[in-house]
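K.L.:
Sequence:
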Amino acid sequence: MTRPAARTGPRSAAGPWDLSSLRAGALVTGGLALVAVPVVGLLAGWPEALGVVLGAAITTAFFCLSGYAIAWAGKIDDSFTLPAALGAFMVKIIGFYALLSALPADGVPDRTATAWAVIAGALLWSGVQARWVWTRQLYYTTPPAPPARPAASPDPGVLRQPVEDPGQASTGG
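Our numbering applies: residue 1055 is where the sequence shown begins, and numbers increase by one.
A portion of the hints provided could be inaccurate.
As the list claims (entries may be wrong) - Now the in silico label distances, taken between C-beta atoms and shown as ranges:
#1 Gln1183 x Leu1153: 45 to 51 Å
#2 Ser1180 x Asp1160: 28 to 34 Å
#3 Thr1195 x Val1162: 48 to 54 Å
#4 Ile1130 x Ser1074: 18 to 24 Å
#5 Leu1088 x Leu1136: 19 to 25 Å
What the hints contain is simulated information worked out from the structure, not anything from laboratory work.
The beta carbon of each residue, even a glycine, is placed where N, CA and C say it ideally should be.
Start from the sequences, fold in the hints, and give me the full structure.
P.N.:
Right, dumping it as structure tokens:
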């Protein structure tokens, strides 16, 4: 039994990181915003509708930032993905606080509507990503190699003995 060669260098995923969940999240967020903005504008007012647009944009930008940061870290070494995710989360918290603080308390866009849109968007993105993961065959380890095909007979001129059917009694001879 041969041993696999020792790894030299950083341990990283075998293939490129798949960021297609970001496209799915952006499309769902954009579609929902196309419906929500006019409804919120007519029911609550246009400053609130602009807050929904801003909240959808913030959420999309923040999830894309996290996705790219984690993928970049994973290309270097798999063990860097958790620190990258936590670091991106910290940057997003500070950035969101700064964005909300910069908005006027009673102005355009509406700060409260923006905050609620970000909360709703984060829940939406989490659901989209969960569905994306649940509907794909993703390996968290290297998949096993397919079984080897049986080797052909070394001498094609040799006839093989037929295999007896276990259901038939042997008659002997």
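K.L.:
Each hint: holds or not?
P.N.:
Now for the hints, and whether the structure bears them out:
1. Between Gln1183 and Leu1153 the CB atoms are about 22 Å apart, so this pair departs from the stated range of 45 to 51 Å.
2. Range check, Ser1180 to Asp1160: Cβ separation about 31 Å, and the 28 to 34 Å hint holds.
3. A C-beta distance of roughly 51 Å is found between Thr1195 and Val1162, which places it inside the suggested range of 48 to 54 Å.
4. The given range of 18 to 24 Å is respected by Ile1130 and Ser1074, whose C-beta atoms sit roughly 21 Å from each other.
5. Judged by the Cβ atoms, the range 19 to 25 Å given for Leu1088 and Leu1136 is violated: they are separated by roughly 35 Å.
In the structure shown, a violation is registered for the earlier hints numbered 1 and 5, in ascending order.
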